[in-house]
Amino acid sequence: MSTIARKKGVGAVLWDYLTTVDHKKIAHLYLISGGIFFLLGGLEALFIRIQLAKPNNDFLVGGLYNEVLTMHGTTMIFLAAMPLVFAFMNAVVPLQIGARDVAFPFLNALGFWLFFFGGVFLNCSWFLGGAPDAGWTSYASLALDSKAHHGVDFYTLGLQISGLGTLIGGINFLVTIINMRAPGMTFMRMPMFTWATFVTSALILFAFPPLTVGLIFLMMDRLFGGNFFNPAAGGNTIIWEHLFWVFGHPEVYILVLPAFGIFSEIFATFSRKRLFGYSSMVFATVLIAFLGFMVWAHHMFTVGMGPIANAIFSVATMTIAVPTGIKIFNWLFTMWGGSIKFTTPMHYAVAFIPSFVMGGVTGVMLAAAAADYQYHDSYFVVAHFHYVIVGGVVFALLAGTHYWWPKMFGRMLNETLGKITFWLFFIGFHLTFFIQHFLGLMGMPRRVFTFLPGQGLETGNFISTVGAFFMAAATVVLLINIVISVKGEKAPADAWGDGRTLEWAIASPPPVYNFAQLPLVRGLDPLWLEKMEGKKELTPAEPLGDIHMPNSSFLPFIMSFGLFVAAFGFTYHQETAWGLPVGILGLLITFGSMFLRSVIDDHGFHIHKEEVLELEKKGANA
Amino acid sequence: MHVEEKLTPETFPAAPERATLEGKNKFLGFWLFLGGETVLFASLFATYLALKDKTNGGPSGEELFQMPIVFMATMLLLTSSLTSVYAIYHMKNFDFQKMQLWFGITVLLGAGFLALEIYEFYEYVHEGHKFTSSAFGSAFYTLVGTHGAHVAFGLLWILTLMIRNAKRGLNLYNAPKFYVASLYWHFIDVVWVFIFTVVYLMGMVG
Ligand code: HEM
Ligand SMILES: [Cu+2]
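Just so you know, the sequences run in chain order A and B. For what it's worth, UniProt numbering labels the leading residue of the first sequence as 1, then goes sequentially. For what it's worth, UniProt numbering labels the leading residue of the second sequence as 1, then goes sequentially.
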């Protein structure tokens, strides 16, 4: 926490965060709320594993199990992994490209609050009859049949709201990266994490609209008498599957490409060596994104699309392994001959390679359409996607937390505790999911709340449950580490001593305006270049002057709150008299604040040169 | 160039919408947003094509669609796109009054389109083609209605900008706003061309 923040009262800090448009504070907001949803999703996972610890268990049965399972998947993907990825994008990308903020600070805040209210809305379902119970994929045939309560409506409306936030975030990062780079920061000098953010944002831009459309259809069918998915009136449930997976497969790359980016930074930093094959890394990232749009139907091999469609999607899917392989070798070659430092982030990076490769291998197995008839909807698929998502994305998020924590909060995390977290998590992860491959091959179906004794499934399931508790323990250690870091060692600008990219050239945490003078970038890894020439600071690209800053605003919060209110209204509009008016009121709040945003001029303000000088002096002493 | 600078026709830049960093960001961001909108409409079109014959015993497109009214609506909207080009032409020449005039005509034409569309929907409902009556109904009203909602939003947006800036004229702060609003208007027009072709023309030949 900066010295300025500490002097303020709690109320002022809270107001500051509610109205902030500063990408660094928005990053904190994403990290905290994503982190809380991660704990919630983790708790749900523990419940699932307790239920499956022994055959015929009755800890969580039937409908409740379906709700917990659905919310686990939905929460982890949309409310934990996505915002945590956004946390690092916000914290790091503007710094890495040498910018003072993102292109649209106001929209950045709006994106966060939309995500936040969407997530809160979704979780309100727990207290209002029941949570969604048709799986995180919410296939229409199941979702239309879920009539006992409004669970699925919380899913369709909540995800529409938070999805809108994600879309806004994606556009913001695209424009930021295209328009706001410091002088000399050409595209082929951008750090890999920035590249990953760029490509991911493009994926978001094209993948989220189909999801929105699918959600609108489902909402129409359930709440407004639509017939998109109702076969009795000519509807077709397969349309949902296509729309969902046209979004869903790119979504997995939306999650994993930033993870690749985080690891690329960590490998280079702690091997103290330039990233091997930088341009092929960029190429592979773009190629994965491109191919990622052509393979969605591999989730639908058993739907009955016919042998030709299956064959095409099967081959297309397998080709993704090629650019992914390129990346794996580049990381290995980055370490080769480097002088490696085994810090906590580096532990995750090294562990990521074999873990993720195993997920990739099962992916290629699943991509063989004929074989997929056997694997589909079994625990083998569960094992596959947890190997890629946990072994890839979650490892990266944990690594990124340890790596960038000092930059974001100005304090080092404890390395010993960090390594304990790592080992507990690593062992727990493999214990939980490795055995699930075999459970799946032995015929255990996914999404079923229990299994019978005497079918050879007992031991495997028990081991899997034990592993989950290891991961829970790891999370507890991480939380302890975070709490004690408040009094921990202060982080210098170049917190690890081996920083290569621009974020390590400025104070930790950075001042509001990031760079007192925009830096001149002279190559890939600009800070490393300067350090190799014996300099301690970046070469400035402009004289010191007044700095233009955007104004804070409470409107993003109100706009998102309006949609939150509207969602409640529409959920209950069929059976209550207040539903429709409340729905309309919510929309009026949102459109009203958009109107205010349009008519009230917002020119921002300036921080004067003298103040900048003073702040820089303070920062240097801290 | 600075946002708050007072400008004359001589000092007004050739591309006022991109003369400031804010303008540049807005310009690019809006183009990207339209990219996302394109995918949104593509999904709606794909669904419509899959469901257009699923009338559930109700009237089909062939029986419903009337050339004269749809053709009129099309003409109104296409013309409004042209008038918005004039408006932007005058904006670039720093002629605020003429810009307002042409945007005003754009809004009127757009309102005419919307009125025809509402009348058309009203007729269809009377003939038994409802949102709730069949998969065709749901897909039709969602596709065409989403477009209509875009038109309505565009109208309100352009009107708001015209009224808000009526007294102070053009500057580099509001020029990008007018410009992206006109981009949005063109986009709506392009989508309509596809709706006209895919829904109405293809629907009438059966
Ligand atoms: C070489 C790369 C990959 C290939 C060939 C591949 C292939 C597949 C296939 C064919 C399925 C469908 C299995 C079935 O339902 O029968 C699948 C499921 C899945 N994959 Fe992958 N995959 C790859 C990488 C990834 C990555 C990187 C992620 C995420 C970061 C991922 C996440 C998922 C998820 C979440 C599912 C399950 C969705 C569900 O049914 O709930 N995959 N994968
Ligand atoms: Cu996939």
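Derived by calculation from the structure, the hints in this document are not laboratory data. None of the values given here were measured: they were computed from a predicted structure. Every residue, glycine too, gets a C-beta built ideally from N, C-alpha and C. Be a bit skeptical, because a hint or two may be false.
Here are a few chain B residues that face chain A, going by a calculated C-beta distance under 10 angstroms [as the list claims (entries may be wrong)]:
hint, residue
1, Phe33
2, Lys130
3, Leu170
4, Val193
5, Phe196
Cβ-to-Cβ under 8 angstroms is the rule here; a few derived chain B residues that face chain A [to be verified]:
hint, residue
6, Leu40
7, Thr55
8, Ala139
9, Thr142
10, Thr160
11, Gly169
12, Asn171
13, Tyr173
Comparing the hints with the structure gives:
1. With a cut of 10 angstroms, the hint placing B/Phe33 at the interface with chain A holds, because the nearest CB-to-CB distance is about 6 angstroms.
2. At a threshold of 10 angstroms, the smallest CB-CB gap from B/Lys130 to chain A is about 9 angstroms, leaving the interface hint in force.
3. Given hint, B/Leu170 at the interface with chain A, is violated; its Cβ is 14 angstroms from that chain's nearest Cβ, farther than 10 angstroms.
4. Annotation: B/Val193 was flagged as interfacial toward chain A, and the flag is violated, the nearest CB pair being 20 angstroms apart, outside 10 angstroms.
5. Because the smallest distance between the Cβ of B/Phe196 and any Cβ of chain A comes to about 21 angstroms, over 10 angstroms, the interface hint for this residue is violated.
6. With 8 angstroms as the threshold, the beta carbon of B/Leu40 comes within range of chain A, its nearest partner Cβ sitting at about 4 angstroms, so the hint holds.
7. The interface hint given for B/Thr55 is met, as the beta carbon of that residue sits about 7 angstroms from the closest beta carbon of chain A, less than 8 angstroms.
8. With a cut of 8 angstroms, the hint placing B/Ala139 at the interface with chain A holds, because the nearest CB-to-CB distance is about 7 angstroms.
9. For B/Thr142, the suggested interface contact is upheld, since its CB lies about 7 angstroms from the closest CB of chain A, less than 8 angstroms.
10. Given hint, B/Thr160 at the interface with chain A, holds; its Cβ is 6 angstroms from that chain's nearest Cβ, closer than 8 angstroms.
11. Residue-level restraint check for B/Gly169 is violated (minimum Cβ-Cβ distance to chain A is 14 angstroms; threshold 8 angstroms).
12. The interface hint given for B/Asn171 is violated, since its Cβ lies 10 angstroms from the closest Cβ of chain A, which is over the 8 angstroms cut-off.
13. Checking B/Tyr173 against chain A by beta carbon gives a least distance of about 7 angstroms; that is within 8 angstroms, so the hint holds.
Consistency with the previously given hints fails for numbers 3, 4, 5, 11, 12, ordered from lowest to highest.
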